[in-house]
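Produce the complete structure using the sequences and hints provided.
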Amino acid sequence: MESLFIAFVILLLVMFYLGLGVWVFAGLLLVSTTGLVFLIDMPLDRIGKIMAPLMIRSATSWEISAIPMFIWMGELMLRTDMSDRLFRGLSPLTYHLPGRLLHTNIVGSALFAAISGSSAATTATVGKITISELSKRGYSKSLTYGSLAGAGSLGLLIPPSIVMIVYGVLAEVSIARLFAAGVLPGIMIAALYSGYVMIVSLADPNVAPPDREKPGLKDALIGFLNLIPIALLIFIVLGSIYSGIATPSEAAAVGVVATLIMIILTRQMTKDVFFDTLVSAVHTSCMIAVILIAAAFLSTAMGFLHVPQDVAKAIGALNLSPSGLIVILAVFYVLLGMFLEGISITVMSLPITLPLILAAGFDPIWFGVFLVIMVELAQITPPIGFNLFIIQGLTGTPIMKVALAAVPFFMLMCIGVVLLTLFPEIALWLPNSLFDK
Amino acid sequence: MKTLVRVNDIVGNLAIWISAGLLVYIVCHISLEIVMRSFFSASTFSMDEFVGYAIGSMTFLSLAHTFRHRKHIRVSILQSFIKGRTEIVVELLCITFTFGITLFLARYIWRTLARDFSRGTVSPTLTETPIWLIDGAIFIGLVLFLLQLLTSAWLAVSDGVPKDAEVE
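Here the protein sequences line up with chains B and F, keeping their order. Those letters in the first sequence? Residues 1 to 437, by my numbering. Those letters in the second sequence? Residues 1 to 168, by my numbering.
Possibly wrong hints are sitting among the right ones.
As the list claims (entries may be wrong) - Taking lysine-lysine pairs in the DSS-like style, the calculated list, with each CA pair at most 27 Å apart, reads:
hint, chain 1, residue 1, chain 2, residue 2
1, B, 141, B, 214
2, F, 83, B, 401
3, B, 141, B, 401
4, B, 141, B, 128
5, B, 401, F, 163
6, B, 401, B, 136
7, B, 214, B, 136
8, B, 128, F, 163
9, B, 49, B, 128
Hint data in this document are derived by calculation from the structure and do not stem from the laboratory. Please read all numbers here as calculations on a predicted model, not as lab measurements.
Quick look at the structure:
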């Protein structure tokens, strides 16, 4: 009873501080400190003595260095002609499929996801060019927004992925394995999206009207040429990891250097591009890193309050089957995703959910992929859904309308989760094949 | 109060450029390590350590500037329903809570810094880096953040609550 009371009070504290609008990192520190003082009478002096060294240690953790570098890489690509080349490259290749250029949203996002670690960067970069092009050609707005919202979130699943690095650091599992585990589920979800677009387009051809001029073989060849820079970056970043030249954290530096060289060679580098992207990357990574640092303290505080152990015991007492546990966790994450964004969901829930998952016999690498898909769902669920905000910002369409357009893609992602749960090998086959078990 | 805003602007800008420089340094050090390891079978023997220090310093030194640009995330459901004086009161309440916890943290980081400085504590690595340097960077970042919170509170009262930045 006492443990449930403590968990309930913590939940109330989270709702109070975060609901009031306190910035997430400060909210996490406040929840932890208030909880320790009022629930177990821990003296403030002791809390301070635990908090200070823990925060210094978390802040100087070398693993999180990949985050600012992948963000910088994304920023560099966002402000150059990379997205434009992506569309010009993909449109002649996808034109002959049912749904035509709607697939540029999906394939473009999947490809861009392979060089960017962020869902926001993927959605913004791909959407910046495809939304206006598809709208000009009279494509269905609902399918355009929905497919972009859904596919944009693949930035988190297809490696490199910032959320996966965060999960890897917190769960102490190999980031290289996590990256490998995200590839096939990412392709599977992209295929589900493309399949859906094809079915809808075959049922109603008006959603993807034909162009006056059909692209020919020459256009397809030019298209391939436009995709070379992005393919080269994917090859360099992922190749450096899996050839053993660089660790996942180091690969971020390789990616930044390769992107900088490419931008200089294509004569797009200006003082503004360099400094604006640099400062913007520092801002975004500060926002993420400081939440991670605060979450490390929250995790410690939860340990002192015995919340993970007690919640695990309470759920254990329910005698749920492993699949029952996964269903409960999926519902829990979808609910969290309505109000929190990805990093916060990951850092706040892991101290409780990870021990449960491990006790139930799930592979932590598999759970990392499951969690990332849950975070992807959070990106497209209102009222707080970052991809929805981005599309709203790009189009001026009300958020609920964008959210409605994303509903079929939300359902498809749920089907993806079911498939992943039924066939864990979808995630585990590639890492197990690439690395020794 | 205008002096506070100006001082805050100057030191905040200085700190963000130091942070940006640290990000460039991180990329350079890691690249150097990869080149040395791959082509010369050598190492800087300090990459994990120095990149860790740089990332910690970068995070805390950019805390204030990131806040000024409204890039720290929060759940702003309440903020979307309130306007005028209520919005200012809620903003001040959020700033007060954040100020309180930051001040608390800064106090204990200062204690750690003073102890490491007086004892001459160095890292247990080959480089034997004085630990107070990293404590100091984190402490300075927190002080700048406190200054930014004071400035933001003043600006919220005088000019109203600014909008949070959109996700980029």
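Legend entry - Earlier hints that do not hold, by number: As far as the earlier hints go, only 9 is violated by this structure.
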